[in-house]
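Visitor: If you want the building blocks of each chain, they are given just below.
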Amino acid sequence: MIHIFQAYGGTLLYGLGQTLLCSFIALIFSLIIGTFFALLEESPSKIGRRIARAYIELFRNIPLLVITMFFYVVFPLYVVKMNGFTAGTIGLTLYTSSFIAETVRAGIQSVDSGQMEGSRSNGFTYWQAMRYVVLPQAFRYVIPPLGNQFVNLVKNSSTLAFVGGFDLMYQGNVIASSSLETMAAYSAVGVLYLIITMPISYYMRYLEKRLA
Amino acid sequence: MLQNFIDAYSPDNLRYLLGGLWITILVSVVSIIGSFIIGSILGVIRYVKIKYLSAVVGFIIDVIRNLPLLLILFFTYFGLPNLGVKPEIIPAAILAMTIFESTMLAEIVRSGIQAVDSGQMEGARANGLTYWQGLWHIVLPQALVKMIPAIVSQFISLVKDTSLATIILLPEMLFRSQIIYGQNTNYIIPMFVAIALMYFVVCYLLSLLSRYLEKRQA
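Heads up: the protein sequence lines correspond to chains A and B, in order. Taking the working numbering, the leading residue of the first sequence gets 2, the next gets one more, and so forth. Taking the working numbering, the leading residue of the second sequence gets 311, the next gets one more, and so forth.
There could be a bad hint or two in this list.
[Said to hold, decoys possible] Some chain B residues well away from chain A (every beta-carbon gap over 10 angstroms; in silico): (1) Ile-351; (2) Arg-375; (3) Gln-527.
[What the hints assert, rightly or not] Part of the chain B face toward chain A, derived, beta carbon under 8 angstroms: (4) Asp-372; (5) Leu-377; (6) Leu-381; (7) Gly-389; (8) Asn-392; (9) Leu-393; (10) Cys-513.
Derived from the structure by calculation, the hints contain no laboratory data. Since we're looking at a predicted model, the values are computed, not measured. The C-beta atom is built at its ideal place from N, Cα and C for all residues, glycine as well.
Generate the whole structure from the sequences, applying the supplied hints.
Guide: See the structure below:
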């Protein structure tokens with residue numbers, strides 16, 4: 002395995018960079034989209050709740066790979082050409098946003114309803130109360146599950162390999178087929194994934210314990 | 311456009327796609343049963359804290375859980391031949407899914423056991439049962455009931471994850487849809503609609519089941 006790092010270190014690091022880049026972009030956008038739909042689902046508007054529910058159920062129940070392939074295969078035909086990295090990141094963002102929406106919603110629900118009532122009776126509008134009172138408290142509960150979502154995001158970014166996203170998994174395949182040492186190549190890739198995912202999931206477990 | 315849909319959904323194509331759904335379900339069901347057995351053993355070992363063994367098992371669980379499933383698929387299908395074992399496609403897919411899901415289920419089992427009130431074990435011990443008898447007859451049955459919704463949710467992600475096995479040419483839905491639209495590009499959109507719908511129906515029904523079970527417990 003060590004000779005794989007020596008011979009292909011640059012390629013692997015480039016792949017790791019792409020994996021991290023895609024994961025961070027997808028994390029930021031899926032946080033924004035996920036929080037938006039969580040708020041919509043908790044909002045007083047009935048139509049809003051329906052739309053949010055439909056969005057969440059749609060992207061939660063279709064495999065990430067199907068979503069990604071849709072953007073990679075169908076979009077260029079009818080809408081706009083995009084490379085594998087873009088298609089993969091969009092797929093990853095939409096897929097993860099539905100899980101983040103569920104997580105944030107659970108966080109909002111775990112905040113005592115007296116908080117909202119208290120802010121309303123002090124003259125806040127619904128959205129002000131949400132923004133300044135409920136959400137900040139909800140996010141504290143939500144941090145460990147969000148961290149776990151990020152771990153999933155990094156792992157799921159391996160679907161970029163299907164669409165030529167030049168991520169870690171893709172480079173691993175290239176190395177495996179050019180060196181013919183499949184076991185060693187995939188082990189090297191595995192070690193690099195673990196370097197990212199293990200510390201995060203251990204830290205989140207620690208946070209979970211401390212919050213409980 | 312409508313004509314494309316009508317042509318794409320010819321009886322032969324639909325039968326071919328449904329055959330893919332069957333493979334998806336077969337691989338998922340066999341893997342979840344295998345993972346449930348292995349996962350329960352691993353989860354119990356991690357829970358009971360046997361010297362060294364529990365720590366080693368715990369570490370292995372954490373390592374596998376934190377790897378992408380796709381990588382494990384590559385290990386079983388492309389890696390094993392490097393060591394002189396050459397598995398067929400379906401066994402390789404089932405093996406990878408089982409390895410990955412066992413670790414997920416091990417964590418579910420462990421937290422299920424932890425969720426059982428400790429008084430149950432104390433009561434069992436006070437009534438003369440050994441630790442293992444108490445675990446097997448008193449604690450585990452109660453833990454199992456608590457775990458079922460989480461296991462169903464895990465099964466949903468397993469069904470979705472079988473699509474990853476297209477990369478090792480497992481003839482499931484996504485793979486078969488690609489073969490169909492590979493012959494006629496007009497079929498691309500109808501095919502995506504069809505497989506998205508099939509996955510959605512299966513997973514959504516399962517998620518309703520999981521939610522129903524969760525509510526019944528509360």
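Visitor: For Gln-527(B), is the shortest beta carbon distance to chain A beyond 10 angstroms?
Guide: With a cut-off of 10 angstroms, Gln-527(B) remains clear of chain A, as the shortest Cβ separation is near 17 angstroms.
Visitor: Hold the hint about Cys-513(B) up to the distance rule: shortest CB distance to chain A must be less than 8 angstroms.
Guide: Constraint on Cys-513(B) satisfied, holds at 4 angstroms.
Visitor: Should the label of Arg-375(B) as a non-interface residue stand, given a Cβ cut-off of 10 angstroms to chain A?
Guide: violated (7 angstroms)
Visitor: Would the hint on Asn-392(B) be counted as holding, given a Cβ-Cβ threshold of 8 angstroms to chain A?
Guide: Hint holds; Asn-392(B) Cβ to chain A Cβ min 4 angstroms, cut 8 angstroms.
Visitor: Have a go at the Leu-393(B) hint: is there a Cβ in chain A nearer than 8 angstroms to its own Cβ?
Guide: OK, holds: Leu-393(B) within 8 angstroms of chain A, min 6 angstroms.
Visitor: Is the interface hint for Asp-372(B) satisfied, with its Cβ closer than 8 angstroms to some Cβ of chain A?
Guide: holds (7 angstroms)
Visitor: Grab the minimum C-beta distance from Leu-381(B) to chain A and call the hint holds if it beats 8 angstroms, violated otherwise.
Guide: Where the cut-off is 8 angstroms and the nearest Cβ of chain A is about 6 angstroms from Leu-381(B), the hint holds.
Visitor: Please settle this one: Ile-351(B) was flagged as non-interface, so is its CB more than 10 angstroms from every CB on chain A?
Guide: The claim stands: Ile-351(B) keeps its Cβ more than 10 angstroms from every Cβ of chain A (closest is about 22 angstroms).
Visitor: Checking hints one by one. Is Leu-377(B) an interface residue toward chain A, by the C-beta closer than 8 angstroms rule?
Guide: holds (5 angstroms)
Visitor: Can Gly-389(B) be said to touch chain A, with a Cβ gap under 8 angstroms?
Guide: This interface hint holds because 5 angstroms falls under the 8 angstroms limit.
The structure does not agree with numbered hint 2 stated previously, though it agrees with all others.
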